[in-house]
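K.L.:
Residues per chain are reported as follows:
There are 2 protein chains.
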Amino acid sequence: MASTTVTLRDVARHAGVHPATASRALNNATRSLVNEATAQRVLQVAEELGYRPNPIARGLKTNRSTTVGVLLPDLTNPLFPPIVRGIEDRLAEDGYTAVLANTDNDPTKERLHFEIMRSRQVEGFILATAERDDPLIDDLMSSDAPMVMVNRTVENERAHAVVADDRLGSRLAVDHLVALGHTQIAHIMGPERLSTARNRLEGFLAGMRQHVVDADDDLIEIAGAFTEVEGARAFRRLLDRKAKFTAVYAANDLLALGCFDIMEEKGIGCPDEVSVVGYNDIPFMDKLRPALTTIRVHQYEIGVHAANLLLARLENPHAPPQTLMLKPELIVRDSTAPATVPQPGSSPGTS
Amino acid sequence: MASTTVTLRDVARHAGVHPATASRALNNATRSLVNEATAQRVLQVAEELGYRPNPIARGLKTNRSTTVGVLLPDLTNPLFPPIVRGIEDRLAEDGYTAVLANTDNDPTKERLHFEIMRSRQVEGFILATAERDDPLIDDLMSSDAPMVMVNRTVENERAHAVVADDRLGSRLAVDHLVALGHTQIAHIMGPERLSTARNRLEGFLAGMRQHVVDADDDLIEIAGAFTEVEGARAFRRLLDRKAKFTAVYAANDLLALGCFDIMEEKGIGCPDEVSVVGYNDIPFMDKLRPALTTIRVHQYEIGVHAANLLLARLENPHAPPQTLMLKPELIVRDSTAPATVPQPGSSPGTS
Numbered sequence: 019m020a021s022t023t024v025t026l027r028d029v030a031r032h033a034g035v036h037p038a039t040a041s042r043a044l045n046n047a048t049r050s051l052v053n054e055a056t057a058q059r060v061l062q063v064a065e066e067l068g069y070r071p072n073p074i075a076r077g078l079k080t081n082r083s084t085t086v087g088v089l090l091p092d093l094t095n096p097l098f099p100p101i102v103r104g105i106e107d108r109l110a111e112d113g114y115t116a117v118l119a120n121t122d123n124d125p126t127k128e129r130l131h132f133e134i135m136r137s138r139q140v141e142g143f144i145l146a147t148a149e150r151d152d153p154l155i156d157d158l159m160s161s162d163a164p165m166v167m168v169n170r171t172v173e174n175e176r177a178h179a180v181v182a183d184d185r186l187g188s189r190l191a192v193d194h195l196v197a198l199g200h201t202q203i204a205h206i207m208g209p210e211r212l213s214t215a216r217n218r219l220e221g222f223l224a225g226m227r228q229h230v231v232d233a234d235d236d237l238i239e240i241a242g243a244f245t246e247v248e249g250a251r252a253f254r255r256l257l258d259r260k261a262k263f264t265a266v267y268a269a270n271d272l273l274a275l276g277c278f279d280i281m282e283e284k285g286i287g288c289p290d291e292v293s294v295v296g297y298n299d300i301p302f303m304d305k306l307r308p309a310l311t312t313i314r315v316h317q318y319e320i321g322v323h324a325a326n327l328l329l330a331r332l333e334n335p336h337a338p339p340q341t342l343m344l345k346p347e348l349i350v351r352d353s354t355a356p357a358t359v360p361q362p363g364s365s366p367g368t369s
Numbered sequence: 019m020a021s022t023t024v025t026l027r028d029v030a031r032h033a034g035v036h037p038a039t040a041s042r043a044l045n046n047a048t049r050s051l052v053n054e055a056t057a058q059r060v061l062q063v064a065e066e067l068g069y070r071p072n073p074i075a076r077g078l079k080t081n082r083s084t085t086v087g088v089l090l091p092d093l094t095n096p097l098f099p100p101i102v103r104g105i106e107d108r109l110a111e112d113g114y115t116a117v118l119a120n121t122d123n124d125p126t127k128e129r130l131h132f133e134i135m136r137s138r139q140v141e142g143f144i145l146a147t148a149e150r151d152d153p154l155i156d157d158l159m160s161s162d163a164p165m166v167m168v169n170r171t172v173e174n175e176r177a178h179a180v181v182a183d184d185r186l187g188s189r190l191a192v193d194h195l196v197a198l199g200h201t202q203i204a205h206i207m208g209p210e211r212l213s214t215a216r217n218r219l220e221g222f223l224a225g226m227r228q229h230v231v232d233a234d235d236d237l238i239e240i241a242g243a244f245t246e247v248e249g250a251r252a253f254r255r256l257l258d259r260k261a262k263f264t265a266v267y268a269a270n271d272l273l274a275l276g277c278f279d280i281m282e283e284k285g286i287g288c289p290d291e292v293s294v295v296g297y298n299d300i301p302f303m304d305k306l307r308p309a310l311t312t313i314r315v316h317q318y319e320i321g322v323h324a325a326n327l328l329l330a331r332l333e334n335p336h337a338p339p340q341t342l343m344l345k346p347e348l349i350v351r352d353s354t355a356p357a358t359v360p361q362p363g364s365s366p367g368t369s
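Residue numbers (this note's numbering), protein chains in the order written: chain G, 19 to 369; chain R, 19 to 369.
It is possible that part of the hints are untrue.
Chain copies aren't distinguished; within one or between two, either way the pair holds.
Quick list of in silico lysine to any residue cross-link-like pairs, SDA-like style, CA-CA up to 25 Å [unchecked claim]:
| no. | residue 1 | residue 2 |
| --- | --- | --- |
| 1 | K127 | N45 |
| 2 | K127 | R255 |
| 3 | K127 | L61 |
| 4 | K260 | L332 |
| 5 | K305 | L223 |
| 6 | K127 | L26 |
| 7 | K127 | D112 |
| 8 | K305 | T126 |
| 9 | K127 | D157 |
| 10 | K262 | D235 |
| 11 | K284 | R27 |
| 12 | K260 | E347 |
| 13 | K127 | V196 |
| 14 | K127 | L67 |
| 15 | K127 | E65 |
| 16 | K305 | R251 |
| 17 | K284 | L332 |
| 18 | K305 | R27 |
| 19 | K284 | H336 |
| 20 | K305 | I280 |
| 21 | K345 | D122 |
| 22 | K262 | E141 |
| 23 | K127 | E220 |
| 24 | K284 | F302 |
| 25 | K127 | M159 |
Simulated from the structure, these hints should not be mistaken for lab results.
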């Protein structure tokens with residue numbers, strides 16, 4: 019059999035599996051989603067038949083656009099490039115390409131780009147722009163348009179989404195700090211309208227309760243955005259009202275960088291006076307001094323899974339809603355250390 | 019006159035300028051390219067006429083795809099997100115969107131993605147993947163396909179490209195180091211097949227000659243790729259053959275990070291024993307210890323100009339070839355310091 023005539027469906031039929039399963043098994047990034055014995059059988063059949071994926075042929079033989087619209091807040095936020103790369107790599111395997119647009123978290127811009135993409139007949143959408151209460155997402159969900167949310171999600175059981183398990187991530191951060199003897203732990207929360215901020219706060223509160231440590235409301239500050247500047251402003255507010263804490267859990271790495279900025283300005287030592295934990299493990303966090311202890315999220319894999327879920331929906335529009343939560347992991351570096359005995363009446367920056 | 023009926027051409031006609039000029043004047047990112055008085059006149063006319071850009075209407079009223087294909091090596095290299103963002107922002111103003119693909123510097127992948135994009139009827143290409151001798155670029159140039167290169171270019175006077183003035187960038191690095199008293203300056207060059215590597219080397223050699231300082235061939239190492247790992251390997255080779263130098267000019271920031279890695283491993287102090295200069299000023303280089311002295315390239319603006327040039331070619335397919343070189347600037351931080359008097363017979367890492 020000539021290799022050019024063997025299709026994915028041929029491989030699936032010979033291996034006795036669904037084409038979607040065969041596709042996953044043949045893809046390095048998604049093979050782990052398939053039972054190992056099944057994956058081995060598919061790979062063997064593919065080799066025997068001389069199967070080679072041919073995305074161009076697949077694109078040409080249909081009249082579909084084979085493009086997917088990807089909306090994200092801002093590609094220059096270091097969180098997003100690996101997610102987008104994961105999406106593109108997985109789409110490319112099935113002959114799809116991504117059209118990208120940046121919304122800057124502006125609903126008007128989001129709607130505009132969405133309409134432009136729809137006018138270009140994209141087959142589906144991956145949105146990294148969801149707010150907890152989001153009219154565009156509501157419209158998309160009620161129209162049953164093929165759409166998957168990535169990184170952030172909405173509070174709706176019909177959502178298709180791939181996110182990190184943010185509650186678990188916060189638990190890992192709190193467990194680590196409590197194990198080091200910290201009880202006065204401040205939290206710099208992200209904007210309340212975002213699921214990531216809300217879920218990380220909830221995980222923080224649950225973690226504190228679990229350890230029978232009171233989470234002091236006075237130790238929670240809400241940042242206006244997930245940025246270094248807003249992290250600095252939130253940390254300054256903590257100091258200004260003489261909050262007492264020996265550690266800060268910042269809801270993302272950029273907020274943690276903002277804490278570092280003010281600590282340097284005020285001469286507060288990290289980790290000797292205040293320990294700091296971030297979230298995401300964006301590039302270069304291991305190069306900081308001190309290197310940042312953080313919660314690593316596997317952004318590339320999140321992108322791959324989001325594309326996977328969308329491709330599955332394109333194949334089967336009635337696929338049941340699914341929210342996939344990937345497990346984050348604690349990365350311990352130099353910004354956290356055992357709590358020092360607090361001096362009576364002293365607090366960071368005022369002593 | 020109702021605002022929805024006013025077009026860019028109306029504004030241009032009333033202001034007595036070419037539509038391309040009007041477009042540039044109306045765009046914050048490109049206004050500086052237009053004579054200031056002209057720009058003010060265009061803005062005033064636009065306001066008087068009630069002009070509002072309407073990319074959706076523009077996209078819908080034609081049968082064109084209004085998409086542009088963007089090929090880049092790897093979106094997760096921090097160099098590229100701001101370039102892509104600049105491209106997308108400028109394209110969006112004219113109602114275009116970008117389809118993206120990563121080639122990992124693999125010519126087969128590049129050709130595959132190119133063919134997929136062409137089959138989707140993209141109207142033009144922006145390529146960040148050019149090698150100095152590149153068959154795909156040759157094909158595109160001989161077919162007169164609307165194509166602009168960004169960041170890297172080819173050795174061909176018919177090229178349309180937007181790049182940094184890499185020779186000038188190297189001159190800034192050498193001038194800075196020589197002013198600090200360094201004469202034994204090593205250079206870690208990027209891969210020879212890339213214009214950026216070649217032009218930075220040439221600027222380095224010219225700068226050294228200008229200062230009547232011999233550039234010692236023994237002080238030039240070629241990295242296999244523009245990565246931290248290859249930077250570390252190249253720096254280790256310099257040490258292994260006991261090259262004598264008091265400063266290193268690395269052809270990009272990631273190569274400089276590789277130098278830092280080996281210096282830390284070997285206990286070589288930066289900047290007290292060896293000064294280090296990078297290139298590009300990717301995010302977080304100001305957060306390193308020592309913060310990296312580097313050559314800042316305005317990547318976002320390079321992206322904006324590349325999209326501009328492509329849009330001009332789409333409007334006028336016979337636009338004369340143009341290579342736009344943006345000026346980089348020296349950013350002095352903590353990784354460079356005055357040269358210390360070299361000890362006879364000593365060299366870094368062996369003393």
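K.L.:
Please go over all the hints and tell whether each is borne out by the structure.
P.N.:
So, going through the hints one by one against the coordinates:
Taking the closest pair of Cα atoms, K127 and N45 come within 25 Å of each other only across two copies (16 Å); inside a single copy the shortest separation is 35 Å, beyond that limit. Taking CA atoms no more than 25 Å apart as the test, K127 paired with R255 passes in neither setting, with 32 Å inside one copy and 51 Å between copies. Proximity of K127 to L61 under the C-alpha cut-off of 25 Å is restricted to the inter-copy arrangement: shortest distance 22 Å between copies versus 44 Å within a copy. With identical chains, the CA atoms of K260 and L332 are never at most 25 Å apart, being 54 Å at best within one copy and 60 Å at best between copies.
In the homo-oligomer, the alpha carbons of K305 and L223 never lie at most 25 Å apart, since the shortest distance is 30 Å inside one protomer and 31 Å across protomers. Taking the shortest Cα distances, K127 and L26 sit within 25 Å of each other only across copies (20 Å), while inside one copy they are farther apart (39 Å). Within a single copy, K127 and D112 get their C-alpha atoms only as close as 29 Å, which misses the 25 Å cut-off; across copies the closest is 14 Å, which meets it. Taking CA atoms no more than 25 Å apart as the test, K305 paired with T126 passes in neither setting, with 37 Å inside one copy and 34 Å between copies.
Taking the closest pair of Cα atoms, K127 and D157 come within 25 Å of each other only inside a single copy of the chain (16 Å); across copies the shortest separation is 37 Å, beyond that limit. Only within a single protomer do K262 and D235 lie at most 25 Å apart by alpha-carbon distance; the minimum there is 12 Å, versus 59 Å between protomers. Taking CA atoms no more than 25 Å apart as the test, K284 paired with R27 passes in neither setting, with 64 Å inside one copy and 56 Å between copies. In the homo-oligomer, the alpha carbons of K260 and E347 never lie at most 25 Å apart, since the shortest distance is 32 Å inside one protomer and 42 Å across protomers.
Taking the shortest Cα distances, K127 and V196 never come within 25 Å of each other, neither inside one copy (43 Å) nor across copies (49 Å). Within a single copy, K127 and L67 get their C-alpha atoms only as close as 48 Å, which misses the 25 Å cut-off; across copies the closest is 23 Å, which meets it. Taking identical chains as interchangeable, the C-alpha atoms of K127 and E65 lie at most 25 Å apart only when they sit on different chains, with a minimum of 21 Å there against 47 Å within one chain. When the C-alpha separation of K305 and R251 is checked against a cutoff of 25 Å, the pair qualifies both within a copy, at 24 Å, and between copies, at 18 Å.
Taking the shortest Cα distances, K284 and L332 never come within 25 Å of each other, neither inside one copy (54 Å) nor across copies (54 Å). Taking the shortest alpha-carbon separations for K305 and R27, neither the intra-copy value of 47 Å nor the inter-copy value of 51 Å comes in at or below 25 Å. Taking the shortest alpha-carbon separations for K284 and H336, neither the intra-copy value of 57 Å nor the inter-copy value of 60 Å comes in at or below 25 Å. In this assembly of identical chains, the alpha carbons of K305 and I280 lie at most 25 Å apart whether taken from the same copy (19 Å) or from different copies (14 Å).
In this assembly of identical chains, K345 and D122 lie within 25 Å of each other by CA distance neither inside one copy nor across copies; the values are 27 Å within and 28 Å between. Taking identical chains as interchangeable, the C-alpha atoms of K262 and E141 are never at most 25 Å apart, the minima being 53 Å within one chain and 60 Å between chains. In this assembly of identical chains, K127 and E220 lie within 25 Å of each other by CA distance neither inside one copy nor across copies; the values are 30 Å within and 44 Å between. Proximity of K284 and F302 under a CA criterion of 25 Å is satisfied in both settings, with 24 Å inside one chain copy and 21 Å between copies.
Taking identical chains as interchangeable, the C-alpha atoms of K127 and M159 lie at most 25 Å apart only when both belong to the same chain, with a minimum of 19 Å there against 35 Å between chains.
Checked against the numbered hints given earlier, this structure breaks hints 2, 4, 5, 8, 11, 12, 13, 17, 18, 19, 21, 22, 23; the rest are met.
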